[in-house]
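J.: These protein sequences, in sequence, are chains Z and U.
Position 326 of the first sequence, counting from 1, maps to 326 under the UniProt record's numbering, and the rest follow consecutively.
Position 150 of the second sequence, counting from 1, maps to 150 under the UniProt record's numbering, and the rest follow consecutively.
Mixed in with the good hints, there may be bad ones.
What the hints assert, rightly or not - Covered stretches of chain U, as calculated for chain Z (at least 3 residues, CB under 8 Å): (1) 87-98; (2) 107-117; (3) 132-138; (4) 156-168.
What the hints assert, rightly or not - Anything over 12 Å on all C-beta distances counts as not near chain U; from chain Z, calculated: (5) E12; (6) E124; (7) E171; (8) G174; (9) Q279; (10) R285; (11) G313; (12) T351; (13) A594.
Stated by the list, open to error - Residues of chain Z placed beyond 10 Å of chain U at every Cβ, according to the derived structure: (14) A21; (15) S42; (16) S45; (17) G58; (18) A207; (19) V236; (20) G240; (21) E269; (22) T309; (23) V317; (24) A417; (25) G471; (26) V525; (27) P614; (28) A647; (29) S666.
If you're looking for bench data, these hints aren't it; they were derived computationally from the structure.
Quantities reported herein were computed from a predicted structural model and do not represent experimental measurements.
Just so you know, even glycine gets a beta-carbon here, dropped at the ideal spot from N, CA and C.
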Amino acid sequence: MPDLLIELFSEEIPARMQAKASENLRKMVADGLVEAGLTYASAASFATPRRLALTIDGLTAESPDTREERRGPKVGAPDKAIDGFCRGAGVERSALETRDTGKGEFYFAVIARKGRKAPEIVAETLDRTIRNFPWPKSMRWGDGTLRWVRPLQSILCILTDEAGAEVVPFEIEGVTASNTTRGHRFMAPDAFSVANFDDYETKLKRAKVVLRADERADAIWHDATNRAFAAGLELVEDPGLLAEVAGLVEWPVVLMGEIGADFLGLPPEVLQTSMKEHQKFFSVRDPKSGRIVRFVTVANIEAPDDGATILAGNQKVLAARLSDAKFFWENDLRVAGAGMTPWLDALENVTFERRLGTQRDRIERIAALVREIAPLVGAEPDLAERAARVVKADLSSEMVYEFPELQGLMGRYYSEAAGLPAEVAAACQEHYSPLGPSDAVPSAAVSVAVALADKLDTLTGFWAIDEKPTGSKDPFALRRAALGVIRLILANGLETGLAGHLRQAAGLHRWADEQAPEQGVVDLVGFFHDRLKVHLRDEGVRYDVIDACLAMPGSDDLALLVKRAEALAAFLKTDDGENLLQGFKRANNILTQAEEKDGVEYSFGADRKFAEGPEEIALFDALDAADPRIAAAMQAENFAAAMGAMAGLRAPTDAFFDAVQVNADSGVVRRNRLNLLSRIRGLCLSVADLTRIEG
Amino acid sequence: MAEKPTCFQEIILRLQAYWAARGCAVLQPYDMEVGAGTFHPATTLRSLGTRPWAAAYVQPSRRPTDGRYGDNPNRLQHYYQFQVLIKPSPPDLQDLYLGSLAAIGIDMGMHDIRFVEDDWESPTLGAWGLGWEVWCDGMEVSQYTYFQQVGGHDCHPVSGELTYGLERLAMYVLGIDHVMDMPFNAPGSPQPLTYGDIFRQTEREYSRWNFDIADTDILLRHFEEAEAECTRILQAPEVDPKTGRHIIMAHPAYDQCIKASHLFNLLDARGVISVTERQAYIGRVRALAKLCADAFVQTEAGGAAA
Numbered sequence: 001m002p003d004l005l006i007e008l009f010s011e012e013i014p015a016r017m018q019a020k021a022s023e024n025l026r027k028m029v030a031d032g033l034v035e036a037g038l039t040y041a042s043a044a045s046f047a048t049p050r051r052l053a054l055t056i057d058g059l060t061a062e063s064p065d066t067r068e069e070r071r072g073p074k075v076g077a078p079d080k081a082i083d084g085f086c087r088g089a090g091v092e093r094s095a096l097e098t099r100d101t102g103k104g105e106f107y108f109a110v111i112a113r114k115g116r117k118a119p120e121i122v123a124e125t126l127d128r129t130i131r132n133f134p135w136p137k138s139m140r141w142g143d144g145t146l147r148w149v150r151p152l153q154s155i156l157c158i159l160t161d162e163a164g165a166e167v168v169p170f171e172i173e174g175v176t177a178s179n180t181t182r183g184h185r186f187m188a189p190d191a192f193s194v195a196n197f198d199d200y201e202t203k204l205k206r207a208k209v210v211l212r213a214d215e216r217a218d219a220i221w222h223d224a225t226n227r228a229f230a231a232g233l234e235l236v237e238d239p240g241l242l243a244e245v246a247g248l249v250e251w252p253v254v255l256m257g258e259i260g261a262d263f264l265g266l267p268p269e270v271l272q273t274s275m276k277e278h279q280k281f282f283s284v285r286d287p288k289s290g291r292i293v294r295f296v297t298v299a300n301i302e303a304p305d306d307g308a309t310i311l312a313g314n315q316k317v318l319a320a321r322l323s324d325a326k327f328f329w330e331n332d333l334r335v336a337g338a339g340m341t342p343w344l345d346a347l348e349n350v351t352f353e354r355r356l357g358t359q360r361d362r363i364e365r366i367a368a369l370v371r372e373i374a375p376l377v378g379a380e381p382d383l384a385e386r387a388a389r390v391v392k393a394d395l396s397s398e399m400v401y402e403f404p405e406l407q408g409l410m411g412r413y414y415s416e417a418a419g420l421p422a423e424v425a426a427a428c429q430e431h432y433s434p435l436g437p438s439d440a441v442p443s444a445a446v447s448v449a450v451a452l453a454d455k456l457d458t459l460t461g462f463w464a465i466d467e468k469p470t471g472s473k474d475p476f477a478l479r480r481a482a483l484g485v486i487r488l489i490l491a492n493g494l495e496t497g498l499a500g501h502l503r504q505a506a507g508l509h510r511w512a513d514e515q516a517p518e519q520g521v522v523d524l525v526g527f528f529h530d531r532l533k534v535h536l537r538d539e540g541v542r543y544d545v546i547d548a549c550l551a552m553p554g555s556d557d558l559a560l561l562v563k564r565a566e567a568l569a570a571f572l573k574t575d576d577g578e579n580l581l582q583g584f585k586r587a588n589n590i591l592t593q594a595e596e597k598d599g600v601e602y603s604f605g606a607d608r609k610f611a612e613g614p615e616e617i618a619l620f621d622a623l624d625a626a627d628p629r630i631a632a633a634m635q636a637e638n639f640a641a642a643m644g645a646m647a648g649l650r651a652p653t654d655a656f657f658d659a660v661q662v663n664a665d666s667g668v669v670r671r672n673r674l675n676l677l678s679r680i681r682g683l684c685l686s687v688a689d690l691t692r693i694e695g
Numbered sequence: 001m002a003e004k005p006t007c008f009q010e011i012i013l014r015l016q017a018y019w020a021a022r023g024c025a026v027l028q029p030y031d032m033e034v035g036a037g038t039f040h041p042a043t044t045l046r047s048l049g050t051r052p053w054a055a056a057y058v059q060p061s062r063r064p065t066d067g068r069y070g071d072n073p074n075r076l077q078h079y080y081q082f083q084v085l086i087k088p089s090p091p092d093l094q095d096l097y098l099g100s101l102a103a104i105g106i107d108m109g110m111h112d113i114r115f116v117e118d119d120w121e122s123p124t125l126g127a128w129g130l131g132w133e134v135w136c137d138g139m140e141v142s143q144y145t146y147f148q149q150v151g152g153h154d155c156h157p158v159s160g161e162l163t164y165g166l167e168r169l170a171m172y173v174l175g176i177d178h179v180m181d182m183p184f185n186a187p188g189s190p191q192p193l194t195y196g197d198i199f200r201q202t203e204r205e206y207s208r209w210n211f212d213i214a215d216t217d218i219l220l221r222h223f224e225e226a227e228a229e230c231t232r233i234l235q236a237p238e239v240d241p242k243t244g245r246h247i248i249m250a251h252p253a254y255d256q257c258i259k260a261s262h263l264f265n266l267l268d269a270r271g272v273i274s275v276t277e278r279q280a281y282i283g284r285v286r287a288l289a290k291l292c293a294d295a296f297v298q299t300e301a302g303g304a305a306a
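In isolation and in its complexed conformation, chain Z is listed as follows:
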């Protein structure tokens, strides 16, 4: 059984694309081989900045012969039909056989395919893989038409068995497969040949190329933490950066450098962001002071001076970057210390969205709205308004202009420098949160109030100008804003009707006409419900359970809605819940049918004096007992207790259906029983719309 080794050698592949590309190469080639009738034992793929590699072990040497029979038209069918069949099956008409199937005589085509040798299949599969490779972005080069992520320079493709390695005959747009590759661009640029995968990996390592990305990442992490540790420091963990850097080098060489003393006073986040974004440096922290004091860079070469020149160059570039940052920081602190007025004034000239006005207009709306929201979250309205008026100030700062990802955080530093209350400073940083599904949700009252006001203003604003998300398009991240509101409400247990707040927020925008705001609010509540469904489904709550609760009044109170859904989900998981649901459905079906047939609604007047037999009486008793308990629990919004009371109905309901015929001969008894079922239905529906539960 031969082993297959493929290497696609190109100019530098963007780091962010390497892992996925290596995965795609494995999948596309392996699937293609299998589809063509080969089998294999195992496959693994790898990526470096200049190569994608794939090894497949235990490949069959050829695909098996196959024989397929296809039934065609009846003998005597029009020529056109018979010729069409021959074309489809790829056989001559003279080769057709006729057979009697018992239902008449039919033509049969026997399609025999000879097995093919592995090299032929590999070449064909590789061609298709290269031509259809799903790069996020691909390009042409020179005067060719082939697309690859960057120019494809050479291809290694060999099949190795006991007899040795054999190059797979393959050529694509002037690049011919061989058994050779190259090592490190600078340290070992010469071509060398390889015999199999082990040989390939070993020779690459000798040629200063570490094939495996995880091995490069581990080496970087190991060396970097050791160096930091030896200096009594610690490396700031950054898995994203580690993966990226491992994709920028074939031979990682870790170097630790100094951050000039002038820059150590910068906020650690500024140092970290500047070093990471511009230079792809890791930050090294002094565990005692918590400050960032050094950096780690990863070079791609072993230099004769042990990297002294490289490090000096990197330090110089960093110094230039950090002088900029320091210049921004110092200028910003001056403005902040003087009260940030110029920044706030400048926001008058910054358009938020053409139809929604400037950032300044937005601040005014958020400030008005936050006063309404403050009492709900237990924030002091004056303080919340004060926060709302400064949380966007840092957008005018030089630091945020340079590093937009530091918005909010810089606001906190600058608010502190301005001597503002700690709650205000915290709100600057926290009011954007939660940004993603994994981002922490703020809990400080002022932060929560401003965060809600900000997001509600955004949502109602874009609804007012009819810029709602559609399909995959959500350029203003409105789904994220809605999810943010949902998580703020749920995490902080804020029981409040959302519609009221939306109405307040909507009132601060200009709408197309008088009816539009109310329509917008209704529409937005629906939008929130959709986002909530997605959110709850991710949390493991069933879709139909959510629907059953959404149908209940007051469903714009999301905290209450979720409480109800969670209680219902828990109830339905119990034996009682599941059986009661069946009982409810049975009752509801019988009732619906009877109501349709009789043209009346059975909703009132079940009387125990018409009850016959102990099961029917017991059901009356159970309903009488459950009624006040459920009503009281619902009053107290204690859904778990309501469900508990409902659970008590399960046994009597089951017993009733087992023993009692609802459609009794006596009209009076039948009507009474239907009205009794209606009590079950009514009681259940007062807790949740169980008609929407599946199963």
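Following the hints, complete the assembly by docking chain U onto the known chain Z.
T.: Relative to the frame of chain Z, chain U by itself:
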């Protein structure tokens, strides 16, 4: 590896000599104000059409918003780019490029050279390409791009474009911390001149003019005039009634597009263009660039049958 150069102009001369030896026509700067070497018609227009091309040139470039009155060690409103454009991109372009770094004294064994993903897009030219920024010890020393589309036209064949930011590269090679301190000619010359001797005064003057003095009404009018002239030129009948010859005036029209682009940059520096207006202006310049590209590919130089 070559000896270390001693001054700014030596780096330029070596790059020119290097690329001349590799078959590039060494052109002179385009005689108009542009924001980057890419705007030179030797790049924008010549990257279009099927005819082979190989050119290298220095292009003075102006970025009014980057003016710092000559005080900032790295930022200038007027600086130089060295530009190479080869069509079709040769298979060994990366090696050729690395050879050019060696020619200006960068030792590949001592330094860490990296190709870091950086896709290039020029919204004003309706152009994009894939490539890298090239890092030397963590510093970006060049942009390296394979043009995929220019002026809305797919590039067939594809051009390889190299752009060296000359001041930054030279400061690095020469070990200079402030651009104004960089020797422009050889330090041992009878009249040694630094970059600052030549440009400190102009940086100061242009910074003031760019930011505060330039008359925005006039700039705006010029913008509109350039835009109108560009389209008017291209609307002229293809056959010249005087000579009876077939003459599409892609280059004169493109000059007006360059003008419009630079005027937009000046207006931007004066802070009179709002965020939303910005997009509209860029769109207007792009529309002109597209018209010029459409016209160029109809010409002989653009590969149309004569």
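J.: Are at least 3 residues of the region 87-98 of chain U within less than 8 Å of chain Z when you compare beta carbons?
T.: With 5 residues in contact (Cβ-Cβ under 8 Å with chain Z), the coverage given for the region 87-98 of chain U holds.
J.: Decide, holds or violated, for the assertion that all CB atoms of chain U are farther than 12 Å from the CB of G313(Z).
T.: About 3 Å separates G313(Z) from the closest Cβ of chain U, which leaves it inside 12 Å; violated.
J.: E124(Z) clear of chain U by more than 12 Å, beta carbon to beta carbon?
T.: holds (25 Å)
J.: Does P614(Z) really sit off the interface, with its C-beta more than 10 Å from all C-beta atoms of chain U?
T.: Per Cβ check, P614(Z) is outside 10 Å of chain U; nearest 78 Å; holds.
J.: Please confirm whether A21(Z) is truly not at the interface, meaning its C-beta sits more than 10 Å away from all C-beta atoms of chain U.
T.: holds (13 Å)
J.: Can we confirm that no CB of chain U comes within 10 Å of the CB of G240(Z)?
T.: holds (15 Å)
J.: Since R285(Z) was said not to touch the interface, does its Cβ keep a gap of more than 12 Å from each Cβ of chain U?
T.: With a cut-off of 12 Å, R285(Z) remains clear of chain U, as the shortest Cβ separation is near 20 Å.
J.: Quick one: work out the minimum CB distance from T351(Z) to chain U and report holds if it exceeds 12 Å, violated otherwise.
T.: violated (5 Å)
J.: Would the least Cβ to Cβ distance between S666(Z) and chain U come out above 10 Å?
T.: Holds, because the least Cβ-Cβ distance between S666(Z) and chain U comes to about 78 Å, which exceeds 10 Å.
J.: Please confirm whether A647(Z) is truly not at the interface, meaning its C-beta sits more than 10 Å away from all C-beta atoms of chain U.
T.: Per Cβ check, A647(Z) is outside 10 Å of chain U; nearest 60 Å; holds.
J.: Counting residues of the region 107-117 of chain U that have a beta-carbon nearer than 8 Å to any beta-carbon of chain Z, does the count reach 3?
T.: holds (count 10)
J.: Far enough from chain U: is every CB of that chain over 12 Å from the CB of G174(Z)?
T.: Check fails; 9 Å does not lie beyond 12 Å.
Going through the hint list in order, the structure does not satisfy hints 5, 8, 9, 11, 12, 22 and 23.
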